[in-house]
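Full structure from sequences and hints, please.
If you read the protein sequences in the order shown, they are chains A and B. Going by our numbering, the first residue of the first sequence is number 1, and it counts up by one from there. Going by our numbering, the first residue of the second sequence is number 1, and it counts up by one from there.
Hints were generated in silico from the structure; no laboratory data involved. Wrong hints could be hidden among the right ones.
Intra- or inter-copy, both count: the list cannot distinguish identical chains.
Unchecked claim - Calculated cross-link-like contacts (lysine to aspartate or glutamate; reagent style DMTMM-like; alpha-carbon spacing at most 25 Å):
1. 298 - 313
2. 495 - 566
3. 298 - 317
4. 590 - 494
5. 495 - 161
6. 495 - 546
7. 495 - 313
8. 298 - 86
9. 109 - 139
10. 109 - 86
11. 495 - 317
12. 298 - 84
13. 590 - 139
14. 495 - 84
15. 495 - 297
2 protein chains.
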Amino acid sequence: MSTIAHEIRRGAYADSIVLMQLQSSLAQLEGVDDAGVVMATEVNLELLAASRLLPEALSGVGPDDLLIVVRAESDDAAAAALAEIDRLMSRDAGSLGFSGSGTAAFRPKSLRTALDGSPQARWVLVSVPGRYAAQVAREAIRADRHVFLYSDNVTIDQEVELKREARERGLLVMGPDCGTATIGGVGLGFANRVQPGAIGIVAASGTGLQSVASRIDALGAGISQAIGTGGRDLSQAVAGATTLQALDLLAYDPATRVIVLISKPPAPEVAAGVLAAARATRKPVVVSLSGTAPPLEKLSNLWFAQSLEGAADRAVELLGLQPTASHVSPAQPGDAPKDSPKASPRASNTGFVRGLFSGGTVALEVTQALRFLVAPLASNLGVDGVADASIEASIGHTILDLGADEFTVGRPHPMIDSDLRQRRISQEASDPSTRVILLDLVLGDGAHPNPAGELAQVIRAAVEGPGAGSGARSDAGSCERSGVEVAVVVIGTDKDPQNLDGQVEQLQQAGAAVFRTIGGLVEFVADRFVGAVSPLPSRLELEDFDSISCINVGLEHFHDSLAAQEVGVVHVEWRPPAGGNERLQAILAKMG
Amino acid sequence: MSTIAHEIRRGAYADSIVLMQLQSSLAQLEGVDDAGVVMATEVNLELLAASRLLPEALSGVGPDDLLIVVRAESDDAAAAALAEIDRLMSRDAGSLGFSGSGTAAFRPKSLRTALDGSPQARWVLVSVPGRYAAQVAREAIRADRHVFLYSDNVTIDQEVELKREARERGLLVMGPDCGTATIGGVGLGFANRVQPGAIGIVAASGTGLQSVASRIDALGAGISQAIGTGGRDLSQAVAGATTLQALDLLAYDPATRVIVLISKPPAPEVAAGVLAAARATRKPVVVSLSGTAPPLEKLSNLWFAQSLEGAADRAVELLGLQPTASHVSPAQPGDAPKDSPKASPRASNTGFVRGLFSGGTVALEVTQALRFLVAPLASNLGVDGVADASIEASIGHTILDLGADEFTVGRPHPMIDSDLRQRRISQEASDPSTRVILLDLVLGDGAHPNPAGELAQVIRAAVEGPGAGSGARSDAGSCERSGVEVAVVVIGTDKDPQNLDGQVEQLQQAGAAVFRTIGGLVEFVADRFVGAVSPLPSRLELEDFDSISCINVGLEHFHDSLAAQEVGVVHVEWRPPAGGNERLQAILAKMG
Numbered sequence: 001m002s003t004i005a006h007e008i009r010r011g012a013y014a015d016s017i018v019l020m021q022l023q024s025s026l027a028q029l030e031g032v033d034d035a036g037v038v039m040a041t042e043v044n045l046e047l048l049a050a051s052r053l054l055p056e057a058l059s060g061v062g063p064d065d066l067l068i069v070v071r072a073e074s075d076d077a078a079a080a081a082l083a084e085i086d087r088l089m090s091r092d093a094g095s096l097g098f099s100g101s102g103t104a105a106f107r108p109k110s111l112r113t114a115l116d117g118s119p120q121a122r123w124v125l126v127s128v129p130g131r132y133a134a135q136v137a138r139e140a141i142r143a144d145r146h147v148f149l150y151s152d153n154v155t156i157d158q159e160v161e162l163k164r165e166a167r168e169r170g171l172l173v174m175g176p177d178c179g180t181a182t183i184g185g186v187g188l189g190f191a192n193r194v195q196p197g198a199i200g201i202v203a204a205s206g207t208g209l210q211s212v213a214s215r216i217d218a219l220g221a222g223i224s225q226a227i228g229t230g231g232r233d234l235s236q237a238v239a240g241a242t243t244l245q246a247l248d249l250l251a252y253d254p255a256t257r258v259i260v261l262i263s264k265p266p267a268p269e270v271a272a273g274v275l276a277a278a279r280a281t282r283k284p285v286v287v288s289l290s291g292t293a294p295p296l297e298k299l300s301n302l303w304f305a306q307s308l309e310g311a312a313d314r315a316v317e318l319l320g321l322q323p324t325a326s327h328v329s330p331a332q333p334g335d336a337p338k339d340s341p342k343a344s345p346r347a348s349n350t351g352f353v354r355g356l357f358s359g360g361t362v363a364l365e366v367t368q369a370l371r372f373l374v375a376p377l378a379s380n381l382g383v384d385g386v387a388d389a390s391i392e393a394s395i396g397h398t399i400l401d402l403g404a405d406e407f408t409v410g411r412p413h414p415m416i417d418s419d420l421r422q423r424r425i426s427q428e429a430s431d432p433s434t435r436v437i438l439l440d441l442v443l444g445d446g447a448h449p450n451p452a453g454e455l456a457q458v459i460r461a462a463v464e465g466p467g468a469g470s471g472a473r474s475d476a477g478s479c480e481r482s483g484v485e486v487a488v489v490v491i492g493t494d495k496d497p498q499n500l501d502g503q504v505e506q507l508q509q510a511g512a513a514v515f516r517t518i519g520g521l522v523e524f525v526a527d528r529f530v531g532a533v534s535p536l537p538s539r540l541e542l543e544d545f546d547s548i549s550c551i552n553v554g555l556e557h558f559h560d561s562l563a564a565q566e567v568g569v570v571h572v573e574w575r576p577p578a579g580g581n582e583r584l585q586a587i588l589a590k591m592g
Numbered sequence: 001m002s003t004i005a006h007e008i009r010r011g012a013y014a015d016s017i018v019l020m021q022l023q024s025s026l027a028q029l030e031g032v033d034d035a036g037v038v039m040a041t042e043v044n045l046e047l048l049a050a051s052r053l054l055p056e057a058l059s060g061v062g063p064d065d066l067l068i069v070v071r072a073e074s075d076d077a078a079a080a081a082l083a084e085i086d087r088l089m090s091r092d093a094g095s096l097g098f099s100g101s102g103t104a105a106f107r108p109k110s111l112r113t114a115l116d117g118s119p120q121a122r123w124v125l126v127s128v129p130g131r132y133a134a135q136v137a138r139e140a141i142r143a144d145r146h147v148f149l150y151s152d153n154v155t156i157d158q159e160v161e162l163k164r165e166a167r168e169r170g171l172l173v174m175g176p177d178c179g180t181a182t183i184g185g186v187g188l189g190f191a192n193r194v195q196p197g198a199i200g201i202v203a204a205s206g207t208g209l210q211s212v213a214s215r216i217d218a219l220g221a222g223i224s225q226a227i228g229t230g231g232r233d234l235s236q237a238v239a240g241a242t243t244l245q246a247l248d249l250l251a252y253d254p255a256t257r258v259i260v261l262i263s264k265p266p267a268p269e270v271a272a273g274v275l276a277a278a279r280a281t282r283k284p285v286v287v288s289l290s291g292t293a294p295p296l297e298k299l300s301n302l303w304f305a306q307s308l309e310g311a312a313d314r315a316v317e318l319l320g321l322q323p324t325a326s327h328v329s330p331a332q333p334g335d336a337p338k339d340s341p342k343a344s345p346r347a348s349n350t351g352f353v354r355g356l357f358s359g360g361t362v363a364l365e366v367t368q369a370l371r372f373l374v375a376p377l378a379s380n381l382g383v384d385g386v387a388d389a390s391i392e393a394s395i396g397h398t399i400l401d402l403g404a405d406e407f408t409v410g411r412p413h414p415m416i417d418s419d420l421r422q423r424r425i426s427q428e429a430s431d432p433s434t435r436v437i438l439l440d441l442v443l444g445d446g447a448h449p450n451p452a453g454e455l456a457q458v459i460r461a462a463v464e465g466p467g468a469g470s471g472a473r474s475d476a477g478s479c480e481r482s483g484v485e486v487a488v489v490v491i492g493t494d495k496d497p498q499n500l501d502g503q504v505e506q507l508q509q510a511g512a513a514v515f516r517t518i519g520g521l522v523e524f525v526a527d528r529f530v531g532a533v534s535p536l537p538s539r540l541e542l543e544d545f546d547s548i549s550c551i552n553v554g555l556e557h558f559h560d561s562l563a564a565q566e567v568g569v570v571h572v573e574w575r576p577p578a579g580g581n582e583r584l585q586a587i588l589a590k591m592g
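So this is what it looks like as structure tokens:
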């Protein structure tokens, strides 16, 4: 026969690790079966119920109230346990057992005092509850400090605003909900101890970063900087703000020779810009987009990995291939890239790609690959995150499988009958928004005996543009529209009946660029649309990332962790303003 | 000033290539601007309209009616063009320009006659319009022939039924909508000419097969058999019927030393069975699932490629690593696999996996990997094609990120606070449907100082089961439930403050299997759930795939293509039954 007793402390603040320790200490007391110590959020009440710890007739508690529950063998044991609360809280005081060697005497009560008193501390760690976090981070930024924002439950609007303000001041905001980073050899948040080295990491994923860093260390290589961005950084709203700054920093960092970029699936509109910035670093960048099909295996200096472990392996492999002195300065805005000779100087965001394929799986792979390289993208292939294309006319970047059922009922497959494709090439070429037309040419038995011959004339007309041949071009001058670019991937063997070399030659003579791999075709597009130019230099100071000291606001645990790493750290004895009273806070905010 | 004239031939049948050639010939006539020759389907009428070829006041035409349209400079030119139709049709007669050297004298009017007259022809190619295709294929199967079914618009019910009947007779149905195959060195449908070699291909994707075969050829290797399955073969309804037969065939085929398996995203329920069959071949199998994130890089003898080109490259690389004499017979039903020593003999479909992770990206990668290995799978990670898991209790295979917001509001992250995870481990262990519990353990600064110590007791209790320790096990005998298996991936370095080796040791002493990579953890699951046993042997005769001869029903073009390859082929002068008249067909069907 067990009994449940509880105590509510309204508006009481304690950091969540203190609560966890109190719970653990209570549960170990004589006669106590189980204990729960939580802020009384809805989820926590459900979890208490699941552990048979929810007091009956509990009402009027909210997320700012501390709820302490014990289930004990007897009423006496329960009462004795509750009577121990204050003693246990003061005994543990936030220490989780790390030997925090450098607990400093200076423990200011406010961030303001800490900022003023520690001008050398260029980094502020923020782990206060989410609803206070933006305000604390803003104060740090306005005092010219970089921010590691561990707190979650920060709104996306607040995130956008904090990152905008930070960027303007040449500062970095890692987070919100940033779990880990290693800056200047110091682990922030949750971080593995890794040897220093030449691989830089940028990650919108905490355990992604930790998995890759740990494996790189296990493989014998090391980390220069590991920068967390917060999981939403590559969302449409945040638009890669921190990621772009971090890539730019690592591009200039002479210690970084290989970069790993880790993210959950990014917003497609954001991905192209981030990949352009990655190209602009001119360093090998291994890209791991967990949970998505990688767009391709390699794109100039970018390598796409299919798992976290694969990303680490590739980075270490590339490091072995790099010259040790790699002090190339990254691309400047407007600079033509020097070490990727195939990159076109015309790379820009104008005009659209139009793909007109006869092979469904070729079209699928191209769509898959372009998904993160150009936006907005549409197709008739039903790819996740890619819009459905209209059959009649293309809008934006469009990839069509002309062998799909909607095009082939009652007519032969486009591998035999190029009529539909010829008409569509002409249609796309006459659309002024078309910049590049992509085609496939599939040879072999059963296919048309001369497919290149069928397409050559319409390709030439598309490449030369409407003015060609009529004499109008020279008269009309620059207002006459010039042609589009046409690129073709040829699938076939040198034994196929069409004569592979002859087919390629006909296409080239018509003005098309010809590739033998889908990867080559995709790189052709990327060279034109994913410019190797960083749109906004980060203006971050490299020395801020060398050897760091910190101010910690929030979980005392993180102070201890930094002290255990023998890092200079000032802990702020932060408490919610106005004792957590929201009405009072609002009044204070109005006054301030 | 142009004019449009048209002619309707109701119920007229001509194969689609004949129509295409007629259109092309009409368009080349003097005074003709453009021409359209189509079966009057809705889509074709739209396409005519887009080309300004749709006659005004056209009504009462349907998909069985042939519509011939010309747009000409004058009424006279249009009339002259229409008058040429019959002459042009008889001139071109279905030849696309291949030099069909072996046009045989034997051109039966019915498939029945062809079957009776060509007992050596073990293959029937069917390319008649979709609504007649199932009937023709069924006739071929019942006459003990393999079928290459090029026709599309065959219903999925018909496909299931045809494949069921074929399997029972030890026959293969490739298709419907099967574009390509290379059997015994002969290209069927659209096929590249590739050198013979030791790589076998099974593909639910036409251009996927052609791309891979062409690249393998370009890399200097060759193809044993390339088997198309039709694009729907890995759907839930068809359940990989042809793919499973094909894998089994290639497993026994002594000429095949490496296998490539190509598909668009399969139905998750089907994927596990197909991958199990692939493991059972005991040959290296390269798996390319276009358009999906590959589950992992390698799983015993399976290699997952991230593109078609990558699949070809990997296959050729693996071929170089294979001994040339590879006459290992594949696994028999009930056989324990001999060449994958880590595979558990307990592999079966009973019980479920329950993953309880503290790291979100680790949980994501595990979910991603298991998506095609176990079903039904649920998670709280929002992965495409994976159901949303209930937070309270697991159903089926379930992967939970316990660091997700719904679990962490008002409590520390599970990397610090293992309370929630301990409770959930106990909960899963006491669920009789749980067979394996997966965990991660993330070390490093900021994490719990002894996370293995926190979990060891609850892991031991889970592994030993409810009977352990109480003495009840030996008394209660077999009705006492035994424990579950626990596997942990440890993320950390040997410099982390928790002592990596000590953490691993504590976990192992508690009875857990410990891995340093996510891939290792996934392989642990696969060994238990993706049994390396082929559920149904195909019973296909290898000699039918050696040197083939064919009967062709449908597009004469395919007859010509086979003849050009110097293959014995009989062309059936097929016409729709009852002249395409549906009422008459129904009456005939009732009589027959």
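Right, here's what the structure says about each hint:
In this assembly of identical chains, the alpha carbons of residue 298 and residue 313 lie at most 25 Å apart whether taken from the same copy (15 Å) or from different copies (14 Å). In this homomeric assembly, residue 495 and residue 566 come within 25 Å of each other (Cα to Cα) only across copies, at 15 Å, whereas the closest approach inside a single copy is 68 Å. Taking the shortest Cα distances, residue 298 and residue 317 sit within 25 Å of each other both inside one copy (14 Å) and across copies (18 Å). In this homomeric assembly, residue 590 and residue 494 never come within 25 Å of each other (Cα to Cα): the closest approach is 78 Å inside a single copy and 52 Å across copies.
Taking the shortest Cα distances, residue 495 and residue 161 never come within 25 Å of each other, neither inside one copy (61 Å) nor across copies (38 Å). For a Cα distance limit of 25 Å, the shortest separation of residue 495 from residue 546 across copies, 20 Å, qualifies, whereas the shortest one inside one copy, 60 Å, does not. Only between protomers do residue 495 and residue 313 lie at most 25 Å apart by alpha-carbon distance; the minimum there is 20 Å, versus 38 Å within a single protomer. In this assembly of identical chains, the alpha carbons of residue 298 and residue 86 never lie at most 25 Å apart, being 60 Å within a copy and 54 Å across copies at closest.
Taking the shortest Cα distances, residue 109 and residue 139 sit within 25 Å of each other inside one copy (15 Å), while across copies they are farther apart (88 Å). Within a single copy, residue 109 and residue 86 get their C-alpha atoms as close as 21 Å, which meets the 25 Å cut-off; across copies the closest is 98 Å, which misses it. When the C-alpha separation of residue 495 and residue 317 is checked against a cutoff of 25 Å, the pair qualifies only between copies, where the shortest distance is 22 Å, while the shortest distance within a copy is 37 Å. Taking the shortest Cα distances, residue 298 and residue 84 never come within 25 Å of each other, neither inside one copy (62 Å) nor across copies (55 Å).
When the C-alpha separation of residue 590 and residue 139 is checked against a cutoff of 25 Å, the pair qualifies only within one copy, where the shortest distance is 16 Å, while the shortest distance between copies is 86 Å. Taking CA atoms no more than 25 Å apart as the test, residue 495 paired with residue 84 passes in neither setting, with 86 Å inside one copy and 38 Å between copies. For a Cα distance limit of 25 Å, the shortest separation of residue 495 from residue 297 qualifies neither inside one copy, at 28 Å, nor across copies, at 33 Å.
The earlier numbered hints that this structure contradicts are 4, 5, 8, 12, 14, 15.
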